[in-house]
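Student: Now for the letters of each chain:
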Amino acid sequence: MKAFNDLGDFSDEEIQALVSLASRLDQHPEPDALKGKVLSLLFLSPSLRTLASFQAAMTRLGGGSFVISPDMSIHGLETRPGIVMDGAAAEHIREAVPVIASYGDAIGIRAFAERKSLEHDMAEVEFKSMTDLIDTPYINMESAMGHPCQNLADWKTMDDFNVPANGGKFVLSWAYHPKALPLAVPASTLYTAARRGMDVTVLQPEGFELPEAIVSRSRQAAEAAGGSLRESYDRTEALEGAHIVYAKSWSSTQHYGDRLADQKLRTGLEDWCVDEDWFDNAAEDCRFMHCLPVRRGVVVSERVLDGPRSIVIHEARNRMLAQMAVLHQMLGGQS
Amino acid sequence: MKAFNDLGDFSDEEIQALVSLASRLDQHPEPDALKGKVLSLLFLSPSLRTLASFQAAMTRLGGGSFVISPDMSIHGLETRPGIVMDGAAAEHIREAVPVIASYGDAIGIRAFAERKSLEHDMAEVEFKSMTDLIDTPYINMESAMGHPCQNLADWKTMDDFNVPANGGKFVLSWAYHPKALPLAVPASTLYTAARRGMDVTVLQPEGFELPEAIVSRSRQAAEAAGGSLRESYDRTEALEGAHIVYAKSWSSTQHYGDRLADQKLRTGLEDWCVDEDWFDNAAEDCRFMHCLPVRRGVVVSERVLDGPRSIVIHEARNRMLAQMAVLHQMLGGQS
Amino acid sequence: MKAFNDLGDFSDEEIQALVSLASRLDQHPEPDALKGKVLSLLFLSPSLRTLASFQAAMTRLGGGSFVISPDMSIHGLETRPGIVMDGAAAEHIREAVPVIASYGDAIGIRAFAERKSLEHDMAEVEFKSMTDLIDTPYINMESAMGHPCQNLADWKTMDDFNVPANGGKFVLSWAYHPKALPLAVPASTLYTAARRGMDVTVLQPEGFELPEAIVSRSRQAAEAAGGSLRESYDRTEALEGAHIVYAKSWSSTQHYGDRLADQKLRTGLEDWCVDEDWFDNAAEDCRFMHCLPVRRGVVVSERVLDGPRSIVIHEARNRMLAQMAVLHQMLGGQS
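Residue numbers (my numbering), protein chains in the order written: chain A, 1 to 335; chain B, 1 to 335; chain C, 1 to 335.
These are calculated hints, taken from the structure and not from any lab test. Ideal Cβ positions, reconstructed from N, Cα and C, are used throughout, including at glycine. Watch out, some of these pointers could steer you wrong.
[Stated by the list, open to error] Listed next, with one range per pair, are the computed distances between beta-carbon atoms:
(1) B:Glu223 / C:Ala3: 48 to 54 Å
(2) C:Asp132 / B:Ser228: 41 to 47 Å
(3) B:Leu260 / A:Pro308: 57 to 63 Å
(4) A:Glu240 / B:Ile83: 57 to 63 Å
(5) C:Pro29 / B:Arg24: 29 to 35 Å
(6) B:Gly257 / C:Pro178: 47 to 53 Å
(7) C:Ser11 / A:Lys2: 39 to 45 Å
(8) B:Pro308 / C:Glu270: 54 to 60 Å
(9) C:Glu270 / B:Leu260: 35 to 41 Å
(10) A:Lys2 / C:Glu14: 38 to 44 Å
(11) C:Ser228 / B:Arg24: 57 to 63 Å
(12) B:Glu270 / C:Ser11: 52 to 58 Å
(13) C:Ala3 / B:Pro178: 35 to 41 Å
Work out the full structure: start from the sequences and follow the hints.
Tutor: Below is the structure:
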């Protein structure tokens, strides 16, 4: 595997093989699998789960990793192309990325959306400007529009809880948050549920529709897999019969990059906080999922988050297992 | 071992087994003992020895670790219960602790006292609020009132230097420091020397008596082990015949959480800086111990700290060895 | 090996053995060589390559490392001798260095020049004040005047590209930079090229001559090895026939520690930015080297840095391999 960047690059069989491998490595540890192998980890955006789970994953497989982030004891990093570097930054990403990559057998890169232009972010200009510099196998640890490690962990989580693929109802619901958040998780989660063949509903308030290209790509994937995809503004009908409520806040596509307009649009939407009554007409064993971090009492109520529906900790642990599977296939040698 | 939280949870035989194991692992390395095992390290308070020695300990046993602290490249952490998270912090400790724990085979947690209410801190409300969230084996890396890794290292240090248990005289002396420091080290050190069966004296200026519950628990332990415990305000008589002078500054229990009143009380106590003349009537080979970090020329004079009595570096190295023993018993499986 | 501090401490055979070992470890990994061994890494100055490459090196050899730097979650570090520590810093380097060293089988220390007094820095007072405190084997990860890991990597890089030793022409050229930079890289690079027996030219503007002691030591080394060393102010004649242009900015020795006077002297020298026309009369396959980080458009033009002459990424990767060789010899025991 040369890159783990998008579930769309993999066949159903390949995805299932990764999910199975993740479970197998949980049951049957392989502490010699990646002996002496190094994963370089470059964090241009903050992280907790990703930071911890990748380090743990490499240790469990017998290798190791190192972390570079701009807030560490390093020289400032410049990212703008073609610039005369006479300011504060002492190093350009054009050297930093290849150098960091050269110390590892693979590199993980995390770089959130710039969020000035939707077109720019949809084209993954930032992320590709870095991966274009290297030949080393790489892992997308969250880019402008993708979060494949989260997606694979979510897929495994639904398998673990026997959530039906065909016939399973997946509701991706917008939730309130004081800030305009990136599209990476909602966009790639929508595609993931669709690829799994589920009946997917995106529930959102007016003005928070996801970009058309993302919705149509996911709809095609759903239909090809025996599922469906629709959008809804009506909480009651959207949640009826749901097996999964996957909550996430995201910014308004209409006002992409315009924080003030986005702020105005979300004012008054504070009741988009997932609470017990959201599950009144859901399937009896309907589960609550979220990629974390999550704001208690804002995105979801304490009673839902701390209650039996919530599988967010299991989901977060699956990040480590999913990444172990990816690393095992990418660096395992014999594979 | 499900938790390493307090020496009081262990029998004398268990403590001696840990001390022996620490020495054995120093003499006979076991670089495969914890192959593929992961220790999660959560630092809510600053650290140098703990940070370094736990990472080194896991490497020496063939495993690994990862570090999470709020000053790293992570989202802000909220600790208050029941709060609506509409401020700066993006993640609550109620998710962060179980998630971090889930990536490890054990977790170490460091969280100093809040130091608003003595009762609250004596009850370890903060620390327990975190360990209550997890089933993972855990290690107390310093809490409001405990520092068991330091205690075990100190026990081994005294054994290494052949300091007598029964009949050995241990003086825990308050020392001057510009700030009001936590009670974790003095409280748990007092108990440790007592459990070792030593004749223990707490030497302190007026107003700096340790909490009654701590003193009486330690006195009972001392008497049960064939030792004794007394408090003194008189440096000359307290230090007579001492085998160990263990210096530490701590805050006034009377003015707990009231920094101004504590400040006033310690003004004029600058001569509580351990110097050579403190040892005039001590045992000839009396040793100076301190958990570090220590302020030179404030808590202890340079000539004592750099002189032959000082065993603080040996003591600090024993942190690593003591923790290796704990980790080996906690995670080694077959042991 | 008790210390890796200066190529001058090693015979030609020893240097060649290290370079060969570095290549061998690249071709034939030894992931069990340093099983269970720990490298302590103390960064008192910022870093990217050193931070990443040492961690990667230890992992590749089966051991591990930990990093301590003052901007981490530790207590402030005091470095001044003989001070009464009643200020902000809670720990003195006199305890911190021996303690950190005691957790490792070796320690790497990085501490840039103080740059107040040239004599003081030439004597490596800062760095020696730390290594004098320990018996642990140590590695200089860049001091006031030395950067032996870079030097060994550069030696290997020239070997990799078949740059002739005797008869090879090495130009160390001053380059413009908005700040007065340390002498460690130019001083130790000059000696390295000289030790390799090359015909070395130092190219610099007036006032940026390297310290006489450094130049004469390097000249002796060059002559002993069948090479030569000269200084030049004339770019055209200096670059003629060059096999290597090694660019680096450094502060004015004349105004050492006086940043204003240095600033004034470098004003107007912005054309000391290595560009394609510098190579007009160089050897056809002349290579561009730099230790990184490098400021694009300031020290070197984009077309040179991104062009085929530039071997800076290969050079940076050799840092890891060179350090693996040093660590293997220092800690490998049986080798």
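Student: Are the hints correct? Go through all of them and say.
Tutor: These are the hints, each one checked on the structure:
1. At about 52 Å, the CB distance of glutamate 223 of chain B to alanine 3 of chain C agrees with the hint of 48 to 54 Å.
2. At roughly 43 Å, the beta-carbon separation of aspartate 132 of chain C and serine 228 of chain B lies within the given 41 to 47 Å, and the hint holds.
3. Checked against the given bound of 57 to 63 Å, the beta carbons of leucine 260 of chain B and proline 308 of chain A, roughly 48 Å apart, lie outside it.
4. Between glutamate 240 of chain A and isoleucine 83 of chain B the Cβ separation comes to about 32 Å, which falls outside the hinted range of 57 to 63 Å.
5. At about 31 Å, the beta-carbon gap between proline 29 of chain C and arginine 24 of chain B stays in the expected band of 29 to 35 Å.
6. Under the hint 47 to 53 Å, the C-beta atoms of glycine 257 of chain B and proline 178 of chain C, about 49 Å apart, fit the expected range.
7. For serine 11 of chain C paired with lysine 2 of chain A, a C-beta distance near 44 Å keeps the hint of 39 to 45 Å intact.
8. For the hinted restraint 54 to 60 Å between proline 308 of chain B and glutamate 270 of chain C, the CB-CB distance of approximately 59 Å keeps it satisfied.
9. One distance hint, 35 to 41 Å for the beta-carbon pair glutamate 270 of chain C and leucine 260 of chain B, is violated here, with the actual separation near 56 Å.
10. Taking 38 to 44 Å as the suggested C-beta distance range, the pair lysine 2 of chain A and glutamate 14 of chain C conforms, at roughly 40 Å.
11. In this structure the hint that serine 228 of chain C and arginine 24 of chain B lie 57 to 63 Å apart at CB holds, the actual value being about 59 Å.
12. Distance hint check: the CB atoms of glutamate 270 of chain B and serine 11 of chain C are about 55 Å apart, consistent with the given range 52 to 58 Å.
13. About 38 Å separates the C-beta atoms of alanine 3 of chain C and proline 178 of chain B, a value consistent with the hinted range of 35 to 41 Å.
In terms of the numbered hints stated before, the structure departs from hints 3, 4, 9, listed from lowest to highest.
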